[in-house]
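This is what each chain is made of:
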Amino acid sequence: VAIRGVGSAVPAGSVTIDDDARRFGETATQRLVKNTGVVRRHVVVEGQTTSDLCEAAASQLLDALEWERESIDALIFVSQTPDYLLPATACTLQDRLGLPTTCASFDVNLGCSGYVYGLWMASHFVSAKSARRALLLVGDTISRISSPDDRAVGPLFGDAGTATAIEAGDDDSPWFFELGSDGSGRDHLIVPAGGFRTPRSAATAKKTEGNGVRSAEQLAMNGAEVFAFTLQRVPGLLKSVTDAAGWSREDVDAYVLHQASKFIVDQLARRLGVEHEKVVLALSDYGNTSSASIPLALTTHRAASLRAGPCRLVMAGFGVGLSWAAVALSTGPIVVPELIISEPIMAPA
Amino acid sequence: MISLMTTAEFLHKIEDVLEEELGTLKPAMLLDGQVDGWDSMGVVSFMALVDERFGETLSPEKLDEAKTVQDLLDLVAHHLKD
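The listed protein sequences derive, respectively, from chains A and B.
If you count the first sequence from 1, position 155 lands on 155 in the numbering used here, and the numbers rise without skipping.
Numbering-wise, the numbering used here comes out as the position in the second sequence, counting from 1, plus 1000.
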């Protein structure tokens, strides 16, 4: 199995720390930025969705790869911000991208860990020969479900959509995965209302949670619990896949971790004990883009080395669920198109 | 990485990560109300300090129960020299 290309799109609209400073004050904002590392994040406008961003990234990537649309057998859309409750957004993307009706298409509801889970699924379909070519579309628009008044999440999250092209190769090196989940931590990152357990109502729309900064329909994050989970789970996870690949830390060209916040990535780099340049830090212009953060970081911060390839990558996603997944794989040279800055698609009047 | 330090040394470390002025933190101080830096970011910074210095990940539930600076010191008492 081999990755042939990775592409990403972010919305044209953006919010900066100057906007945050007007809301939270200059001093508090400076402290926030030191912690999050986020100076600007791209955010969608109403009517612009994750699937729009993924569609743009996928179209550009398929063109750059010169892949016939007819040759795609599987489409996996990983997101927690789909277009509809139903149907699956993957089905609409099959049509919008002009993929054949023989293409298996489905959604996967995962966030921070979702990209690596998607790679795991796509690689198994392709290596089992149940698909020749798979398209993995991963993204989120968390800005739409986070309260701007909640300083734990408002100034942190940005929006992005990505596309990764995967196919069988002749002499590809194996990929080493480790995945897991622990639902006992479900409340640590959660949008409590809007599903079928607690449907939306007039009560859930009111900002009554977290000292009135958010409603039950918006994202709540317990930073201390998420941080404790990260420290306890992720260093061992990274070591496990690196060992499985038979690599030492020195063999790894880049650690591409979920861009949770600068603080968390820095803490993991410290725990890893590797040079800082090996640990990709890509938050400053995009924020935490949830499921998209790993492929977006590949596009914006490792394009040159991936185009030159091969690269030995250790990638790890961890968070909402709680859920985690890591992979050690060697890839490249691959196609990495320029980042798309995506204008909203306006519905015809 | 793991090193024993005195209570006074550790108090300075806490002041550093909470961005409090050096020498201002006293054990009797209430975390909520008397220590400005003790917000959600402060809690996480304190957890990182303990992880880095003592190799221990503190439980967020236990931290939630801490009311004073002394309570924080008690959580790491077994790592302190005095």
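Hints in this document: simulated from the structure, not taken from any laboratory.
One or more of the hints may lead you astray.
Computed footprint of chain B on chain A, listed as stretches where at least three residues anywhere in the stretch have a Cβ under 8 Å from a Cβ of chain B [stated by the list, open to error]:
| no. | stretch |
| --- | --- |
| 1 | 124-130 |
| 2 | 263-270 |
| 3 | 289-300 |
Partial chain B-side listing against chain A, Cβ under 8 Å, derived [what the hints assert, rightly or not]:
| no. | residue |
| --- | --- |
| 4 | Asp1016 |
| 5 | Ala1048 |
| 6 | Thr1057 |
Yeah, the Cβ is synthetic: ideal placement off N, Cα and C, and Gly gets one too.
**Message:** Tell me whether the statement that chain B covers the stretch 124-130 of chain A is true, taking a Cβ distance below 8 Å and needing three residues at minimum.
**Reply:** violated (count 0)
**Prompt:** Can the hint on B/Asp1016 be confirmed by a CB-to-CB distance to chain A that is less than 8 Å?
**Reply:** For B/Asp1016, the interface hint is violated, since the closest Cβ of chain A sits about 13 Å away, which is over 8 Å.
**Asked** Per the coverage rule (Cβ-Cβ under 8 Å, at least three residues), is the stretch 289-300 of chain A covered by chain B?
**Response** violated (count 0)
**chain B covers the stretch 263-270 of chain A, three or more CB atoms within 8 Å, holds or violated** = Coverage by chain B holds here, the residue count being 3 at a Cβ distance below 8 Å.
**Prompt:** Taking the closest Cβ pair, is B/Ala1048 under 8 Å from chain A?
**Reply:** holds (5 Å)
**Prompt:** Does B/Thr1057 pass the interface hint, meaning its C-beta sits closer than 8 Å to a C-beta of chain A?
**Reply:** holds (5 Å)
Of the numbered hints stated above, those contradicted by the structure are hints 1, 3, 4, listed in ascending order.
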